[in-house]
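A.B. asks: Given the sequences, and given the hints that come with them, work out the whole structure.
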Amino acid sequence: MGFGAGRVPRLVFRKKSRMQSPPSSRAGRAVFAPFALLLVLAACSPKSPEAPKAPAGPPGRLGTAVVSGRVSLTGAPPANETVTMTTDPFCAGHNPGETELPAYVVGADGALGNVLLRVTEGVTGVYAAPAEAKQLDQKGCAYSPRVLALMTGQPLDIVSSDATLHNVHAAAKENKAFNLGMPAPGTRYTRTFEKPEIVPFKCDVHPWMRAWVAVVPHPFFAVTGPDGLYEIRGLPAGRYTIEAWHEKLPAQTFTVTVADGETASHDVTFVSSASSASPASPASPHT
Amino acid sequence: MKPGKFVRVSTRTVAVSVFLLLVAGALVTSTGSGLAVPDWPLSYGKLMPPMVGGILYEHGHRLIAATVATMVGLQILVLGFGRTDRITFRLGLAAFGTILGQAVLGGMTVLFLLPPAVSSAHAGLAQIVFALTATIALRTSRFWGRFSEQAPRIAVDRAHLARASRLALLAAGASYVQILLGAIVRHTGAGLAIPDWPLSFGKIVPTGSEWAASGVLAHFAHRAFAWVVVALVVAAALAIRKLEGVPGSGPLSTLWLVLLAVQVTLGATSVWTAKAVAITSAHLAVGGLLWITGVLAAVLLARIRELSTAPAKAVVPAGDAAPATA
Numbered sequence: 327m328g329f330g331a332g333r334v335p336r337l338v339f340r341k342k343s344r345m346q347s348p349p350s351s352r353a354g355r356a357v358f359a360p361f362a363l364l365l366v367l368a369a370c371s372p373k374s375p376e377a378p379k380a381p382a383g384p385p386g387r388l389g390t391a392v393v394s395g396r397v398s399l400t401g402a403p404p405a406n407e408t409v410t411m412t413t414d415p416f417c418a419g420h421n422p423g424e425t426e427l428p429a430y431v432v433g434a435d436g437a438l439g440n441v442l443l444r445v446t447e448g449v450t451g452v453y454a455a456p457a458e459a460k461q462l463d464q465k466g467c468a469y470s471p472r473v474l475a476l477m478t479g480q481p482l483d484i485v486s487s488d489a490t491l492h493n494v495h496a497a498a499k500e501n502k503a504f505n506l507g508m509p510a511p512g513t514r515y516t517r518t519f520e521k522p523e524i525v526p527f528k529c530d531v532h533p534w535m536r537a538w539v540a541v542v543p544h545p546f547f548a549v550t551g552p553d554g555l556y557e558i559r560g561l562p563a564g565r566y567t568i569e570a571w572h573e574k575l576p577a578q579t580f581t582v583t584v585a586d587g588e589t590a591s592h593d594v595t596f597v598s599s600a601s602s603a604s605p606a607s608p609a610s611p612h613t
Numbered sequence: 036m037k038p039g040k041f042v043r044v045s046t047r048t049v050a051v052s053v054f055l056l057l058v059a060g061a062l063v064t065s066t067g068s069g070l071a072v073p074d075w076p077l078s079y080g081k082l083m084p085p086m087v088g089g090i091l092y093e094h095g096h097r098l099i100a101a102t103v104a105t106m107v108g109l110q111i112l113v114l115g116f117g118r119t120d121r122i123t124f125r126l127g128l129a130a131f132g133t134i135l136g137q138a139v140l141g142g143m144t145v146l147f148l149l150p151p152a153v154s155s156a157h158a159g160l161a162q163i164v165f166a167l168t169a170t171i172a173l174r175t176s177r178f179w180g181r182f183s184e185q186a187p188r189i190a191v192d193r194a195h196l197a198r199a200s201r202l203a204l205l206a207a208g209a210s211y212v213q214i215l216l217g218a219i220v221r222h223t224g225a226g227l228a229i230p231d232w233p234l235s236f237g238k239i240v241p242t243g244s245e246w247a248a249s250g251v252l253a254h255f256a257h258r259a260f261a262w263v264v265v266a267l268v269v270a271a272a273l274a275i276r277k278l279e280g281v282p283g284s285g286p287l288s289t290l291w292l293v294l295l296a297v298q299v300t301l302g303a304t305s306v307w308t309a310k311a312v313a314i315t316s317a318h319l320a321v322g323g324l325l326w327i328t329g330v331l332a333a334v335l336l337a338r339i340r341e342l343s344t345a346p347a348k349a350v351v352p353a354g355d356a357a358p359a360t361a
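Line by line, the protein sequences give chains A and B.
First residue of the first sequence: 327, per the working numbering; consecutive thereafter.
First residue of the second sequence: 36, per the working numbering; consecutive thereafter.
What the hints contain is simulated information worked out from the structure, not anything from laboratory work.
Ideal Cβ placement from N, Cα and C applies to all residues, glycine included.
Once the Cα atoms are required to be at most 35 Å apart in a straight line, the calculated DSBU-like pairs of lysine-lysine come out as:
1) A:Lys465 <-> A:Lys499
2) B:Lys277 <-> B:Lys40
3) B:Lys238 <-> A:Lys574
4) A:Lys521 <-> A:Lys460
5) B:Lys310 <-> A:Lys502
6) A:Lys574 <-> A:Lys528
7) B:Lys310 <-> A:Lys521
8) B:Lys310 <-> A:Lys499
9) A:Lys528 <-> B:Lys81
10) B:Lys310 <-> A:Lys574
11) B:Lys310 <-> A:Lys465
12) B:Lys81 <-> A:Lys460
13) A:Lys465 <-> B:Lys81
14) A:Lys460 <-> A:Lys502
15) A:Lys460 <-> A:Lys574
16) B:Lys310 <-> A:Lys528
17) B:Lys37 <-> B:Lys277
18) A:Lys502 <-> B:Lys81
19) A:Lys499 <-> B:Lys81
20) B:Lys238 <-> A:Lys499
21) A:Lys528 <-> A:Lys460
Quick list of simulated restraints, FRET-style, between CB atoms:
22) A:Ser487 <-> B:Trp232: 39 to 47 Å
23) B:Lys238 <-> A:Arg559: 45 to 53 Å
24) A:Ala418 <-> B:Lys81: 20 to 28 Å
25) A:Thr595 <-> B:Lys238: 29 to 37 Å
26) A:Leu427 <-> B:Val263: 36 to 44 Å
27) B:Gly237 <-> A:Pro576: 20 to 28 Å
28) A:Leu427 <-> B:Val44: 44 to 52 Å
29) B:Lys238 <-> A:Thr412: 39 to 47 Å
30) B:Lys81 <-> A:Ser394: 48 to 56 Å
31) A:Leu427 <-> B:Leu77: 28 to 36 Å
32) A:Gly466 <-> B:Trp75: 26 to 34 Å
33) A:Thr412 <-> B:Ser343: 53 to 61 Å
Output of the computed footprint for chain B on chain A, the stretches with three or more beta carbons under 8 Å from beta carbons of chain B:
34) 408-416
35) 487-496
36) 502-515
C.D. replies: Here it is, written out as structure tokens:
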């Protein structure tokens, strides 16, 4: 048996009027209509942001004022989530057994690391981005650093030191999202972000790998180390609102007034409690 | 002439393979591996990257999809050369066209970083492929031949048959709408937007600012529409059970109700376990089976209505009717 000489082609080429459409054809249109609608919706969904024009406005000033302090966590620190990395022998070799994910980096006397402090109000003018690149490495199947801050327009070098495959998925909302393959050690990409935002980075190959890259429109920011200390330098005299952001904890803001040549000290305390810290629900990145 | 054993086994194998492909796709989303391979159609520029971490799920899904798409394509030849009727052959063509479209959607969703509309369309179209191949497997089965032979002799109340047929169609349609709602929940990350079950934030319906939270509307639509599906499937299954003398009506009704109970349980357990991978994957798979049961029930009931109204001389089992081959 073979394909009939007139049968199968006729199925394809015979034209029928709308009135003659069999019920199956109408059903077919009804079935495919939702997909057409979904695709139209997809086509009409917000497009990736275009590359913005160079920011215009008076140049921002640098001063000699400093805001510094210490960030701490009171109460028993929440337990960090643990994972086993057996899905990738390379990762398991570097992290045998159960590995703690460093969402809460808590040092002596409750010092809290990986907290971003950035001025959110009080800065005026446009600041030029430094040409020097910040670096986000993938090392031992973890991002290093986990929290990183840079200026709008400042290059970010994304590198891999691992002899395994990673992908770098930047789930940006305000900037253009991207997903890059990092197939071998030494792979390097350079990207810039033009709009302020905290961009979550993840590796979908190794879902425990998370990082946050804060994009700030001025140079007045800092990220705490394990000692919880921060220092924001070069501020002009003035009154500023500063936000303290942690990946798991609700953000806090405070206001300081500082004069040229002076240092204003302000400590930040996060409270460890079930209501304010939930390991299962990270704080939403925001602009 | 009826389809031979090779045709029967082939079409059944294709339908089961499509179901396994659905499960593989469910594992990709349940494990969050949809972007573990950033390029398409190659994977990290290769045909075969190291199968580590999320690549195992994403690239595994691609390999299975390529194999199943080839099988669906070859099925056209099997149907063409295998004495099947014209409708079944057309279903084969539709299945192949649909799975090719499905592959394009799969590639698009990777390249555009999982836009919810495209990912949801990918999930919804997968179930259309499943329905087409399952219907082909049914129409080429021995059961279909026997069913078609017995149908004209079945003494059944025509009004009751029409009612059961309408209910089966409605239940299948509602199941499909529910699948699309579930796909939207899954691909917008709304699976835990309402953290409790059966209540929603401790109430029957969320109130006030709870609606403003991300994903709550989609999630609640999915769980509210589930009760519409439950009502329609129960009504259809009971109506089919009353069709005494219709071959397979009892087991079909029971199977449908059991799948429904399992599916509701899996939906609740998905919330209670905070989206455990095995549970959410099973929820998608059983949802597919529930929908296919509705489709096949509707096809069988339509077959009885078709044959019981036809003149006696026109009653010919599908396997013998108007072969697509010369």
